[in-house]
Every structure is written in structure tokens, then in C-alpha cells.
Amino acid sequence: MSSVPVSAYLTLALILFCIGLYGALTKRNTVIVLISIELMLNAVNINLVAFSKFGMIPSITGQVFALFAIAVAAAEAAVGLAILIALYRNKKTVNIDEMNDLKS
Amino acid sequence: MDVDTLLSFEWGAMAPEFIILGVATILSIVDLFAPKHLDRKIFGWIGFAGILLALASLINLVGLEPISILYDTFRLDGFAKAFKILLLIGAALVMLLALSYKPKEGMEEYKGEFYYLLLAGLLGAMMMASSGDLITLFVGLELLSLSSYILAGIRKKHLPSNESAMKYVVNGGIATAFTLFGMSYVYGLTGTTNLIEMTNVLPTLANAQYIYILGIAFFMIFVGLSFKLATAPFHMWAPDVYQGAPTPVTAFLSVVSKTAGFVILIRILLTVFGNAFAGNSGVAKMTNFLVGMQDYIAVLAAATMIIGNVVALRQRNIKRMFAYSSIAHAGYLLVAVTAMSSFMYDALWFYLGAYLFMNVGAFAVIQLLTQHTDNEDIGAFAGLYKRAPWLALAMGVFILSLAGIPGTAGFIGKLNIFIGALASDPAHYVLASIMIATTVISYFYYFGILTQMFFRPAAAEEADGGKIRMPIGLGVALVICVVATIVFGLFPNIALDFFHTNFEGFSDFLQ
Amino acid sequence: MENAWIIPLFPLISFLFLLLFGRRLKENSGYVGMVLTFLSLIYSLVVLFDRFNHPTYKAEATWLAIGDVQLTAGFEVNQLNALMLVIVSLVSFLVHTYSKGYMHGDDRFHIFYAYLGLFTFAMLGLVVSPNLLQTYIFWELVGVGSFLLIGFYFYKEEAKAAAKKAFIMTRIGDVGLLIGMILLFWQVGSFEYDAIFLAVEEGAISAGIITLTAILIFIGAVGKSGQFPLHTWLPDAMEGPTPVSALIHAATMVAAGVYLVAALFPLFTASETALMTVAVVGGFTAIFAASIGLVQTDIKRVLAYSTVSQLGYMMLALGSAGYVAGVFHLMTHAFFKALLFLAAGSVIHAVHTQNIEEMGGLWKKLRLTGPLFLIGTLAISGVPLLSGFFSKDEILIAAWANGNPVLFWLAVIAAFFTAFYMFRLFFMVFTGQARSEMKNVHESPKVMTVPMIVLGVLAVVAGYFNTPWFGTFLGDWLVEGNEALGHGHTEGPIWIMIVATLVSLLGIFLAWLMYGKKSLERDWLSSRMPTTYNMLYNKYYLDEFYALSVVKTTKGVSVLLSYIEAFVVEGIVKGVAGIVHGLGKTGSKIQSGQVQAYGTVAFVGLAVLVVVYVLAGGYLK
Amino acid sequence: MSFLSILVFSPLLGILVLALLPKTQESLIKLVGFLATLPALVLALIAFGTEDLTKYDVVKEWIHFGSDASLYAIDYELGLNGFSLILIVLTAIVSTLAAIASIHIKKEWKGYFMLFLLLEIGMLGVFAAQNLVLFFIFFEITMIPMFFLIGKWGYFEKEKGAYSYLIYNGLGSAILLIVIMVLFARTGTANISDLAQLMAVEDANTPSPISESLKMGLAIALLIAFGVKLPIFPLHTWMLRVHVQAPPSVVMIHSGILLKIGAFGLIRFGFGIFPEQFKSLALLLAILGVVNLLYGAFLAFIQTDFKMVLAYSSISHMGIVLIGLGALNEAGIQGAIFQVVSHGLISALLFFLVGVFYERFQTSTIANLGGMAKGMPLASGFLLAGALASLGLPGMSGFVSEFMAFLGLFEVHPVVAAIGCIGIIMTAVYLLRAVLGMTYGKAGREFAGITDIKSVEFVPVLVLLALIVLIGVYPSVLSEPLQATLETIMLGLGG
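Residue numbers (this note's numbering), protein chains in the order written: chain A, 1 to 104; chain B, 1001 to 1511; chain C, 2001 to 2621; chain D, 3001 to 3495.
Any given hint might turn out to be false.
Distance ranges between label pairs, derived from CB positions [stated by the list, open to error]:
(1) B:Val1430 - D:Ala3019: 36 to 46 angstroms
(2) D:Gln3483 - B:Pro1457: 47 to 57 angstroms
(3) C:Lys2589 - B:Val1430: 22 to 32 angstroms
(4) D:Ser3211 - B:Tyr1071: 45 to 55 angstroms
It is worth saying that the hints were derived from the structure and are not from the lab. Idealized CB from N, CA, C, for every residue including glycine.
Input sequences plus hints: build the corresponding full structure.
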């Protein structure tokens, strides 16, 4: 198990993060954007867990941190969706690129 | 952990947080069960009282030695106290604004949430101020963020409000992800999330690669946090959100949230990165990691100041304009951060304080003028001097202070930053010059408002509907802000001495 | 002599007093002015006689301290000053009196007298100044007095133009004087005349500097004394009331230039070149102005050009080291030229025109003015036994003695011209048949004629103070105790006197043929050489030339600069502002409202930072 | 409350009283506004009469940054020397007269006079301040009221004028602020005399001493900063707009006093703190001076609006200040100082008269005012007198300063000076053109119902004329109190 070097996990996390970022910045549908953000946060969690197991100085706090991160991410998703619904009520769309009334 | 260890902690150190938490909880529960027809305004007053109470208890704590409880996750050192005072005052003033905020539609039924979400956000900010651990920092940050997301969108029927909230959430999420990702690397390098422990581990980082990773982590965290500060490159959400959000929320974002951002920034910079070395060989081994980063921060600061002030020139919407202005001010503050001179702390603290008063004051006036008619065009100020001389004078004071004219707190704050930037070695002549130059540019739009208020005749509908009646809460806030702006402008040492005597320049920052 | 300083004060008082209360006094202001100038006349005479048997007196006090240098102000009474005092105060007094009649009925009567007071004050102050600085100060004040009086009829466009012209032309000269005296100051360390002369004697100043400063100062004199090429203002100055012309533009102020050169004579004698310049300019001006005077038809302009040419004479004299000659002629000229102007004034007063073509046959009508005018004419033409004869003679001798035949013959020709055009004037005005419309012409009142009589007497006798026959008393006295000024009287060959006499008589005869007896056609010469005639008539087109060259260039430069102002200076500013606003525009363009764009920007920012960091850190190496 | 503080802040009393008065009481407000300027005048004159000025010095703890109370302290310190005292007296006099001139103000007298008095406080403070930061604070305090006075009570393009005033001066003071801050931050003190000593000492043991090159940079920055105020070509365009757009009473103050702050700063700080550097800049100063002199003169020559003529003539006359400074000798510097005072009086006089004419004819265009001497002989006479004073007629203050400035420059750079002398001629040319154009010649209009200068309007004219002549005839009245200051300056310049 420990044969898998930490760098592998990190790379995975990085890739995941980038995918998330890409999604967040390109998808038109706001729901997908929110999901992409979740992806980014989860990439972080992989990092944390990986570090807490295979890091130079392994410690449990990493996993604790991960737990907090998950919780917060959930909350954030919830809030995000709630707001999206409110917006949908008024604007009848979930396309993020149509939310451009506010600009100079 | 068992009960007596739990009891062994000096919970008194958390008194202010507990008060806020308590009030918030109570309000939320009462809001649930209280009859619909009950005017939720009373909640606001309760919340206000709670904040004052928290402030009192905090003042009461000021004298104490630094306390650290919950296994160093919660610290009450000079730094925490000093900035919590600002946060509380800011929140109190914002609460006063919120109390007298009456937009045309889409607000009334959520008044209750409004108030305790405000408190929740404040709580998060306070946690950030005195957390000694990345986790608590992060949690505090998120608490603040989440509640401000909702606050921004609290006018459910008001499309701009929704949109601004949405934008805020999306950007905020990305920012959070950046920050967190950076933090995860830091954790990976140090194997701990506790800031104090990190300070012991980081200096031992030998491997150059690790230091590079640390650098990358630094940038991710910095960019992530620059979302909260509304500084380049993560500033662009600010104008839209500020414009769409209800005015009190805008004030909250530009004052409390920004302050919190700087608090966490300083915490992390000085505890985590301030103790690493720029390299593992030769000179780099001697030089502090942050010294290596100064140039990058300087560039960001310069960019922020220029963007903020230059783009503000073209704004007609008053709230947008103030969004850019607050971006610019964040830039000024970054100058102090860049310099990292012995003046950094008091410069930051004083300037944030001054900015708090003048900006909340300005937003108070804006709210008063714009809430009836949702007309937020700068023209709304036309002929204000004729319609309400005192209001115009008050706004004049705030504007002058924001522009950094002598006799106001804003000037002293800028002075303090300059001294820091120029006294440090190497002195940042260029940065200081950019700061002053952009200040002059800012005259254009600041004095544009003055021109509207004092030179231009009032537009027809304002002219006849001229009488502006001043709600009590707002009036109080205005008076406080005006007085503070002028007093701290003429006798800044009232504040500065208080700072130096009570917080010893944060000498206790690291133990 | 110790309190000679009050002499200038009387007119000053008159000036201030009339300025404040003149309105109430109306025409009585005349008496104020007369009385006060009379006082200074009396006192000047006292001083003069005092000076005969006392040495030069000088008193000074600190005026302004610059570091350890003390600039002083005070007064000095030497021969020249004493003499000038008398001349000035005398003529001034007479003019004051004369004007009582001449200006009668003018509603700004008191202003006129106030200005006269100011001028007299300045002129008297000028002649008692012991140092260059003070001289310069009064020099300018004199200019202002003249400026105000020329522009007295301010509502006349010509008067306005003339006043402006006078002021600016003289100022050009004054700047020369200013530079000259400042340069001298840094050489000598003082403005005091004696200090300067001392330094010159000791050879403390390099020859080059002496020449330079001397010439610069002379430029000042050129401006004031209407020497070529700065003379054009003087004829125009005739727009002023005639008494003013008599006082300022004949007797006193225009002589100030001559006075200045005389006062600084030791400086000039120290430099051959400087003296030569003076002589040449003087000589040329003499002939130049005389030639113009030949064809002018405005009585006052003729006199004006004759003044210019006479001043040229004086300069020539001084330039030829004829100190006495110059000063002497200055005195005599003061008298007869003042006389001529007052007489002319009396004529104009009677016939209300200045054009001599419209006059004629006034001899019988103006029983008093006619003879007086004749005396003046004879005097200026250098007819023997009148003052002009002696002084002009002195000048010719000096010019000859100085060994410069060209200048000498120029002077002689000028003398011929003078005689001719003066008598041309006389015959056209007084002889011939009277114009029809001049029936009710009658002599001027006593208050005007009496001064003329006085001057007439002086114009005759003034010459006898310094003659080869009855002793050169004046000359000896002037130069006594200061050999730098040359001798009181230089013996010249007798033929010069004869030539001079013949020439002037010839001129008179010719004038008589053409205008008196009319046996010779008026245009017998002018018709033969029309171009020359036109050239003379238009004063060599000098005014037009200036208008084309100097004025045009000035305007051109100004316009050019205004373009620079508009396009370069303002342009840069606009450019900067444009850049700033442009930045703002792009900034707000990027602010597209697309939330994802914002995130992208942030990400790009991050990426750039990291890349730069990595590269800068040489991590990839 | 010490003497100087009272002197500086005495107008505050007026502001408070005005704040209580009702808006509508026009005449009363005007009276109060006028009276409020008197205390400062009286006190200034008292100070002028005293021998030992050091007794007026005030030092009070005020602000200090950082934890160390001794370092980075900005004290509230006022003081006087011969030069600043003269300017304070000038300020007091001109302010009082401008207050009288304000009778021509048409609207909102209350706000006007409050700002006016605030402006006076700023000006008095600028000259009395003993440390740079304090100086800067007062300097900015003058800026804000001016912005409003121009922008609210000015003429057609008032807001444009107000803005260009604001931005140019903002830039100027920004540069000034950088200089001040560098000095303050590197040396830890802002006190002028301390700084002068620190700069003089070779190895000043300051927190972080200032390198020679930096000193030079600061000196140049200072030149630019005050060059905007003076103004020096090509930084002058703002000042034209102000002269044209602002109400005459304000321009009296502006061109009478505010422009002089530039000269004051150059002499006090430039020569005071960076003598060596300014020594090497001397020739540049002289040349700039000549450029100003000629540039202003030539442009004034083709202006059609009398205000513009005066504006350019101000530029031209400020050139003489620079010429004097460029000379670097007693004569020159004294000349410069004299010019500062003399131009203050003369331009105040001329702009007051402009106000008088504008009041009656609603125009200041030369062509429209032709032949005015017929209708308003007295006013025209005064105008002529003012013009003569301005073109440096001996016996009036203009001559003394001009003369000394050139006297000074001729010692060191005779050629430059000689070129400058063209300016003397041009001055006469454009002033006579303008003034004669307005007063002499055929009357272009009817003067029915036009009253000549009258009653209270006489006061400023006569006072100013009297002062102009006094200085012209007896210059020692200024040079006596100046000697001490001059000596210190010359000492700094090394002889």
C-alpha cells in the first residue's frame, strides 16, 4: 500500500483540482459550476488525507481538517443552490453567463 | 477530553464570541417562533446591544496577558484584541445602518435573518482574528463567507441582489478552494495545522524543492485571501456584488469582511511564512521567506491601487464607485503589508479603523439617499447641500477623509503607511509614489461627488420631495462616524497611544 | 546749498496737492503750480550763485541695504547741476505761467498742472542726483511725466498712440541704461558718480567694459534725447499740449540724454570708441532730422525735428570732447526752442490749426508773437549776435578740433538746413497774404506773451556768458576743478565762424527766395527729385519699417507661443488625462459582468505569479 | 493659547459666528466676514513691530508615530522669522482688503465667508508652520476652500477652473508630500531647522541617512512641487483658468498670496534644507525665470481679456522671483522676496479694480472697455497707477524688486540677465497696450448711470497704492526685518 508514493496522490489531487477549476470557469450551467467547485474542494481533501498518511510528518490533524472541509463544502453547496433557486425564480434561467446585469 | 480539562480552559477569553453566538442563536430561535406581525426591528436593537456588550467584555479583557486555550486553537493576544475591537465597532455601526434600511421591496420579511446573519458573520470574523490554527481560521473564514453570501442575496425579490449573491458565491467558492489548496500544502510541509507549531517546523525546511512548494502554497493562499480583501487579482467580483447587495451589506463587506481579510492575511503571513527562509543556501538561507515575496506583493498592491482608482473614474453608480474606492484602499493597505516595517501593525490597524468610520459613514449617507428611489446614480447627490446641508457636510467630511485630506483620519492613516513604506530598508519609493499618484487620481471622482452635492442644482423630483427625514439609528451612526473621522484626524494619538500602550505592538504575537 | 534738496519738493507738493484738491480749485490750480515752481526757481538761482563761490556740495543717506552694500540716495550740487536746476525751474515756471492762458477752459485744467508738477519734480530730482541709480529712478519718472502729458488728451487716438510710443521707445533706451549701470556697479561696487570716475581714473575697469557700459548708457541717452534710431517718438509727442512740447520735448527732458552723457563725461572720455559712437550718432541725427524738417508742414513737427537735430548737435559736441560746447548749446537751445514752441503755441492758439500751409500773413495780426518767433528763428539759425550763434560756433570748433572733418561738414550742412527750414516756417506763417478765414485772429493774452518775452530776451543774451570775445566765463566755470571735462574754450580757426555765418545766411536767403519773395518756385527742387522728397516727407519710412519689422516680429512670436501653449503644453496634459481615462475604459470593459471571467482573471493572475516565481527562482534549472 | 496660535486661528472665531447667523442677513454677514479678518491683521502688525521674534515660538506635543515618542514625532510648532512675518502681514492685509472686495459677491455670502476665513487660516498657518508636515497640512487646508470658492462663486467655466486648480495643486502637493515623507521617514524629524542641520552635517547619525543622489532628487521634486504653485512654465495653465474663472476677490487672495507660497517654499525649504543642491540648480532656476518672464510677457501681449493679461503677467512676474533666486546672492534673493511682496500688493490692486469694472460693465474684455477714462476717471487713474507699478516704475515697489533681482543675476550670469531685460520692455508693452486700450482712446460705450469708484471701494485701492509707494520709496521698511533671514540663507549657501 505504501508502495504508492505520496506524489501520486498529490498529482491526482492537482488534476482533480484543475478539472474542477476548468469546469467552474467554463460551464454555462450554474449547477455544474457549483459541482465543479465541490470538485476543487475535494481535491484539497485528497491532499490533506494523503499528507496526513504519507506526509513527511504524518499526523491525524490532516484528516480532521478534511472533515471540516467536507462539512464546509456541503454548507457552501447548500447556500449556493439556495441562492440559485432564488435567482431562478426571478430570472427563469440557470445559465451563469446570462447573469450579467451588474456591470459597468 | 474529559470534563475537567474542558473546565480548565479560561473560557472567559472567549466571552465576546460567546455573547455574539448567544445573541445570534437566541434571535434565530425567537424569529422562528415569534408571531409574523412582530416588528423584527427589535431584533436589530438586541443585536446592537449584544455587540456593545461583546465590545465591553472585550475591553475588559484588554489588560490581560495573552491567553491561548483549546490546545492553542484559540488565541487572545494583543493582535486579536486590537482587531476584534475594530470588527465589533464596524459591525455595530453596520447594525445601525441595517436598522434603518428600508428598501422599496424584497426586504421586510427577512429582517430577522438579516440581523442574526450579520452577527454570525461577525462571529466568523472574530474567530479568524483570534484563531491559532489553520482549521479554526478556515472555519471562521467560511462562517463569515457563508453568512455574507446570504446577506448579499437577502433581498430575495430583488434581481440585482440575487445576482450579486450568486456571483459572490461562485467567486467565493473558487477563492476558498485556492486558499484551502494552499493550506493543504502548508500542512503537508509541516505536518501540523497549528500556527505556533508551524513556526517551529518551518525554519528547519532544508530542501529547496519544499521551499518552492511553500512558495506556490503562499501564492495560492494569498490569491485566495485577496478575494476577501478585494485586491488584485481577485477583486473583480467586488463592484458587482457591492452594487447589487443591500447597502448595509455592502458596508459590512467593505468594512468588516475586509478587516477580517487583513487579519487572517497577517496571521498567516507572519506566523507561517514569516518564519521560513527564502532558500537553503548562501544569502537565501539568511533572508526571510517574505522578503523574497515583497516584490510580488508590491506588484499586486500597485496593480490594485491603479485599477481601483482609475476604473472608479468612469463609474456613475455611486455604490460601484465606492466598490472601486474600497479596492483602492485595500491597495493602500497592501502597501503597508509590503513594507513590513516596524510601523506595519499600527499603520494597518489605524488605517482600517479610520477607513471603517469614513466608509460606513459614507455608506450611511448613500443608503439614506438611495433607498427610497432605487436610483443609485451619482446624480442622486445633486444639490444635497441645498436639501440637507448637514448631511452634505457630513458626506463632505467622509469624502475628504477618503481622499486623504489633512484634518481627517484618512490623512493620518496614509501618513502612517508612507512612513512605514519609506522608513523600511530598502525603502519603497516607487510604491509610495504610485500610492500618492493614484491618490491624486482619486480626487477626480471623490470631488466629483462634492461637486454634485455643493455646486449642482437639485434635480426636479429631489427638489420638491426634498425633505429627507433622518432615522434615529442612522443619525447616531452618522454622528459617531463624523466625530471619529475628525477627532482621529486631529488627535490621532488618542488611538495610537491606546494601541501602543495596550498591545505593545503585538510583541506577544508569536508566543 | 545744503538744502538744495527742497527745490524738487515744491513741484512735488504742487503735484500731490493738485491731485487731491485740484478739483475744487478749478483754474486756480494754476496759481498753486506757478507759485511753487517760482519758489524752486528762486531757490535754484540762490543755489547757482551760491555755487559760484563755494565748492561742490554733496549729501547722501542710505536708501536700501543689500547685504553689506549700501545703496544711497541724496543730492549733489556741482556746476552742471546748478546750471540745469536754473534752466529747468526757469523754463518750467514760464511754461506754468504760459499754460494759465493756453489751457484756459480745459475741464482737466488741474490735472494738467498736477502732471506738470510731477514732471518738474522728476526733472529737478534728476539733475541733482549724485548717483546713477537715483538718476535712473528720476529718469524713469521724467518719462512717466512726459507720457502722461503727451496722453493728456486721452480721448484722442493719436494722443494715446503717441503716449504709448513715447513710453516704450524711451524704455528701450532705458533698459540699455539699466544694464550699463548694473554692469558698472559690479565693476565699481557703487553707483556713485565720483566712485565710478575714480575707478575709471585708476584704471580699475578694463577698457572693454568701459566702452561697453558707456555705449549702453548712451543708448539710454539716445532713447530720451530722441537720437537716431529711437527718435521717432519725439515728433509724435507733439500730440501733447503745446506748452508741454515747449517744456518737455524742447527744453528739459529731451536734454536729459545730453545731460546724462555730460554728467558721465569722464567715463566717456576714457573710451575713444564710446566718444566716437556718441559723435557719429549725434552728427548723423543732426543732419538726418534736419533733412526731414525741410519738408514737414505741421508747425510743431518742424520744430520737433529741429529739436532732434539740435540734440544731435549737442551729442556731436560731447562726442567731440566739447563738453562746454555741448552744455552751452543745451542751455541756449533750451531758451530759444522753448521760445519757438511757446510762440508756435500762441500761433496755434490764434488760428486753431497746425498746418503751415493754411497760415500766412500773421505778422500784422500777431504783433508780439511774430517778432518773438523771429528772434527764436534767428537764434536757432545761428545768426550772429544771438545765443544760438555762439553755442553752435563752439560745437563746430569742437568738432573740427577733434579732427573729424566728415562730422564737421555734416554739422555745417545741418546748420544750413536748419536755417532754411526755420525761415521757411517763418515766412510761410507770418508773411504772404492772410487766409480769408482768419479774420478774427488776435494776439494771445498777457499771461502767455510775458513768458515769451522773457525767453526772447534770454534767447538773445544767453550766448554772452561764453563768447570768444567777451570771455568764456561760463565754460571756465563749468570745467573748473575737473580737467577730465576738457578746457572751458577751445580756440578754433576764425574761418569756421565765418563759414557758419555764411551758411546760415545762405539758408535764410534761399528760404526767402522760395517762400518770402516767391521769386523761386516752391517746388523747383522737390519736383526735380520727387523720390527724395517723398522719402523726406515720410521721414525715411522709418515708422513703417519699425511697424513691419519689430512690431510684426513681436506679434509673431506671441502668436507662435500661444500655439505652443495650446498644443504642446495643454496637449501633454490632455494626453496624460487621456491615458488615465483610457485605462479606466479598458478596466471597466474587462468588467463584463461575466462572473467566470472574474474567476479566470484571478486564476491567470495566480498562474502568472507562480510562473514568474518559478522562473525567477531558477527552479527549472 | 499662545500669541501665534491666536494670530493664525483668529479667523476661526468669525467662522463660528457666521455659522450661527441666519443665511439671509446679507449685510451683517458681510460685516462679520470683514471684521473677522481684523484680529489677524492687528496681531500681525504688532508682531511686525517687535524686535525679537523668537519669543513667539510655540511648541506643543502633537502626533508621534511608532512606539518611540521622541522619534517620528510631529509637534505643533509655530514660529516666525523676518521673511515669514512679512508674508503673514501681507496675508493679513490682503485678506482684509479682499474681504472688503467681497461686497461684489452675489450669492450665499455665509458659505463664502466661512470658506474665505478658512482659507485665511490656511495661509497664515503655512507661513507660520515650523515643521514640514504642519506646513503641508495648512497647505492642503488652503486647497479645499479655494476649490469651493472657485467652483461655486466663479464665472462660466467655474467647475473646470476649480478642477484644474485641484488636480494641478493636488499633484504639486503630492510630490511635496513624497519629499516631506522621505525626509521624515529617513530622518525621523520634520522640524525644518533640525532637518537643515541634519542635511548640513556630513555623517548625520539618523536612522537611515539620505544619499547625495537622493538629496538631488528631492531638491528637484521640491522645485517641481512648488513650481506648480509659483507657477513655473510649463506647469502654469491651471493658474490661467483660476485667474479667469474665480471671482476677483478670490483672485486677489490667490495671486496675491497663494502663488507666493511657491516662492516661500522654494526659499524656505529649497534653500533652507537643500542649499548644496539648489546651488547646482541655480543656473536652471535663472533660465526658467527668464523663460517665465518672456513667455508670460509675450503671451500677455496678445490677450483680449484683461484678466488673461493679468494672469500671464503674474507668470511673467513670478519669473523675476526665479531670476532672483537663480542669482544666489543677497541682491537676488532679496529681490525675489521683494518681488513676492510687491507682486502680492500690485496684483491684488489690479484684480480689485477688475472686480470694480466687472461690477459695472459685466465684462473684462479690453475692447469692450475702451475709453473708460471718460466715464470713470478715478478708477482709470488707479488702474494706470497699478499698471505703472506693475511694469516696474521707480518710486513703486515693482521697481525695487525687479532692480535687485536683475542686479543680482547680472553678477553671476550677465548674459542670461541681459536676455531677461527684454522682459522689462515687453512688460511695458503689454501693460500699456492693455491698460491704455481700456482707459484711453475713444469711448466705445455710453457711461450713463455708471458711477465711478466709490465709498468703500476706495479703501483697498488707497491702502494698496500707499503700501506700493511706501515700499518703492522707502524699501528699508522691508529689507530691515529681512536681514537676519537673508544672512541665514546666505550662510546655508556658503557665503
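The hints, checked one at a time:
1. The hint said 36 to 46 angstroms for the Cβ distance between B:Val1430 and D:Ala3019, and at roughly 44 angstroms that hint holds.
2. Range check, D:Gln3483 to B:Pro1457: Cβ separation about 55 angstroms, and the 47 to 57 angstroms hint holds.
3. Checked against the hint of 22 to 32 angstroms, the pair C:Lys2589 and B:Val1430 passes, with Cβ atoms roughly 27 angstroms apart.
4. A beta carbon spacing of about 51 angstroms between D:Ser3211 and B:Tyr1071 agrees with the range 45 to 55 angstroms that was offered as a hint.
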